[in-house]
Every structure is written in C-alpha cells, then in structure tokens.
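Asker: If you want the building blocks of each chain, they are given just below.
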Amino acid sequence: EAGVAQSPRYKIIEKRQSVAFWCNPISGHATLYWYQQILGQGPKLLIQFQNNGVVDDSQLPKDRFSAERLKGVDSTLKIQPAKLEDSAVYLCASSLTGPNTIYFGEGSWLTVV
Amino acid sequence: GENVEQHPSTLSVQEGDSAVIKCTYSDSASNYFPWYKQELGKGPQLIIDIRSNVGEKKDQRIAVTLNKTAKHFSLHITETQPEDSAVYFCAAQGGGSEKLVFGKGMKLTVNP
Numbered sequence: 001e002a003g004v005a006q007s008p009r010y011k012i013i014e015k016r017q018s019v020a021f022w023c024n025p026i027s028g029h030a031t032l033y034w035y036q037q038i039l040g041q042g043p044k045l046l047i048q049f050q051n052n053g054v055v056d057d058s059q060l061p062k063d064r065f066s067a068e069r070l071k072g073v074d075s076t077l078k079i080q081p082a083k084l085e086d087s088a089v090y091l092c093a094s095s096l097t098g099p100n101t102i103y104f105g106e107g108s109w110l111t112v113v
Numbered sequence: 001g002e003n004v005e006q007h008p009s010t011l012s013v014q015e016g017d018s019a020v021i022k023c024t025y026s027d028s029a030s031n032y033f034p035w036y037k038q039e040l041g042k043g044p045q046l047i048i049d050i051r052s053n054v055g056e057k058k059d060q061r062i063a064v065t066l067n068k069t070a071k072h073f074s075l076h077i078t079e080t081q082p083e084d085s086a087v088y089f090c091a092a093q094g095g096g097s098e099k100l101v102f103g104k105g106m107k108l109t110v111n112p
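Line by line, the protein sequences are chains A and B.
One point on numbering: in our numbering, the residue at position 86 of the first sequence is 86, and numbering is uninterrupted.
One point on numbering: in our numbering, the residue at position 89 of the second sequence is 89, and numbering is uninterrupted.
For the record, the hints were derived by calculation from the structure and aren't laboratory data.
Quantities reported herein were computed from a predicted structural model and do not represent experimental measurements.
Possibly wrong hints are sitting among the right ones.
Quick list of the computed label-pair ranges, beta carbon to beta carbon [said to hold, decoys possible]:
id, chain 1, residue 1, chain 2, residue 2, range
1, B, Arg51, A, Lys62, 31 to 37 Å
2, B, Glu56, A, Arg64, 41 to 47 Å
3, B, Arg51, A, Gln59, 45 to 51 Å
4, B, Pro112, A, Lys71, 46 to 52 Å
5, A, Val113, B, Arg51, 41 to 47 Å
6, B, Gln45, A, Lys44, 15 to 21 Å
7, A, Ser66, B, Pro112, 44 to 50 Å
8, A, Gly3, B, Lys58, 22 to 28 Å
9, B, Ser9, A, Trp22, 30 to 36 Å
Derived DSBU-like pairs (lysine-lysine); straight-line CA-CA distance at most 35 Å [said to hold, decoys possible]:
id, chain 1, residue 1, chain 2, residue 2
10, A, Lys83, B, Lys37
11, A, Lys62, B, Lys107
12, B, Lys57, B, Lys107
13, B, Lys57, B, Lys22
14, A, Lys71, B, Lys42
Built from N, CA and C at the ideal position, the CB exists for glycine as well.
Same shape as in the complex, but just chain A (with noise of 0.2 Å):
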C-alpha cells in the first residue's frame, strides 16, 4: 500500500515570496492533516479535512496560510507571503474516519531566507 506523497521535498524562499506544497493521501483516507513542525519541537495542527470539508483550522495563520481539498483526495496547502518564522517542515497525514491511526507523509522542508 503506497503512503502519504507530498512535494516538493524541499523548497528554499525568499521572504514576502509564495509557496505551495501538495498530498496525496493514502488511498480510501477521508481525513487529510496538515501539520507545521519547527525544528526541535512536535508537529503542530494546522487543518485538518473530511473528505473536502475543513473539520478543524483553528492554528492556521488565515492572513498568509490557505489550504484547499476540492475533491476530497489530493490537497495543498500554501503560503503566501512567507515570513522568516514559517521555516519549517510541512507534514501531511492521513487517516480513516474517525479516531485511527494517522500517517504521515515524509514532510515537505521549507527554508524562508
């Protein structure tokens, strides 16, 4: 069974420049995270999706950060403009419904300079 795809892997910015991550989750997951996790610390909620509804986005920076799942499968999320603080790893995972094991995907590294 393939797992959580994401890309780019890495990404290297500018500040006040944009940037779009794309997951794909696994196959048959109706719940789609995105998750921010900072260099030394535990990955952090951003949103999270049912099928292409947003359940839960209440730590995500709605004046730059946006993220959409307009089929209810693959998602991105973006940002846009980058801030110096955003550097990070960018995580997705996925999950059946309801409470199940969540996957992650390998993340996507971004470094804002």
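Position chain B relative to chain A; hints supplied.
Answerer: Just chain B now, kept in the frame of chain A:
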C-alpha cells in the same frame, strides 16, 4: 485544549540498556495515545499505540503503559540497538476531537 508534556528531552544509553520516555496529558477525555519515531529527514512513523481501555501493551522490545488516573503514559524500549536512535514523540487524541496533540519529542541516542 489538550496539552502534552514529554520528558526527558534527550537520553543517551549504551546498546543493550533500557530506555523510558514519560509523557503527561491534561485532558481527561483523551482516549488514544500513539508513539511516533522520527528519523532524520523523515516523517513520524507510528511504532505503538494504546487506547484508554487498556493499561499496558507490548510489541517485541517496545511496551507502553497508561495511567489514566494520573494522566500519564510511558514508552519502554528494552535491549536498545543503535538503530533505535531517533526522536520519539508521544501524542494524545480524543475528547471529541480527532486532532493529535504532540509532545516536544525526545532524542534517543544508543551508543554501540
């Protein structure tokens, strides 16, 4: 909301020794407690989990214990090997939310 505390932040052991990582949580409604291992440059990988109706679970060299009354849970690794070197995260989920709240992680180094 839920808050998960994890300690110690680093641990260095000799190969063959045991390692214990402890976590506490704040929300008594949390009912699912997974442990993830993260190697450098990779995403977190689930290694073991426990639900609130179970006090202990074991899988080969790894075991997890849960004390609901005290709101803490621990990961035990026996006969450590160099390939166990990684960052380990505990997390808690429940209370009506599917959101996983993570601890800050513990870097384990197993010296040959």
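Asker: Give a verdict on every hint.
Answerer: A quick look at each hint next to the structure:
Distance hint for arginine 51(B) and lysine 62(A): a CB-CB separation of about 34 Å, consistent with the stated range 31 to 37 Å. Checking the proposed 41 to 47 Å range against glutamate 56(B) and arginine 64(A) shows it holds: the Cβ atoms sit about 44 Å from each other. For the pair arginine 51(B) and glutamine 59(A), the beta carbons lie near 25 Å from each other, so the given range of 45 to 51 Å is not met. The given range of 46 to 52 Å is respected by proline 112(B) and lysine 71(A), whose C-beta atoms sit roughly 49 Å from each other.
Distance hint for valine 113(A) and arginine 51(B): a CB-CB separation of about 44 Å, consistent with the stated range 41 to 47 Å. Distance hint check: the CB atoms of glutamine 45(B) and lysine 44(A) are about 18 Å apart, consistent with the given range 15 to 21 Å. At roughly 47 Å, the beta-carbon separation of serine 66(A) and proline 112(B) lies within the given 44 to 50 Å, and the hint holds. For the pair glycine 3(A) and lysine 58(B), the beta carbons lie near 26 Å from each other, so the given range of 22 to 28 Å is met.
The supplied range of 30 to 36 Å is met by serine 9(B) and tryptophan 22(A), whose beta-carbon atoms lie about 33 Å from each other. The hinted pair formed by lysine 83(A) and lysine 37(B) meets the criterion: a straight-line CA distance of about 29 Å does not exceed 35 Å. For the hint linking lysine 62(A) to lysine 107(B), the alpha-carbon distance of about 32 Å falls within 35 Å, and the restraint holds. A C-alpha spacing of about 22 Å is found between lysine 57(B) and lysine 107(B), which places the hinted pair at or below 35 Å, so the restraint holds.
Restraint check for lysine 57(B) and lysine 22(B): satisfied, since their Cα atoms lie roughly 15 Å apart, inside the 35 Å limit. Distance hint between lysine 71(A) and lysine 42(B) is fulfilled; the C-alpha atoms sit about 27 Å from each other, no more than 35 Å.
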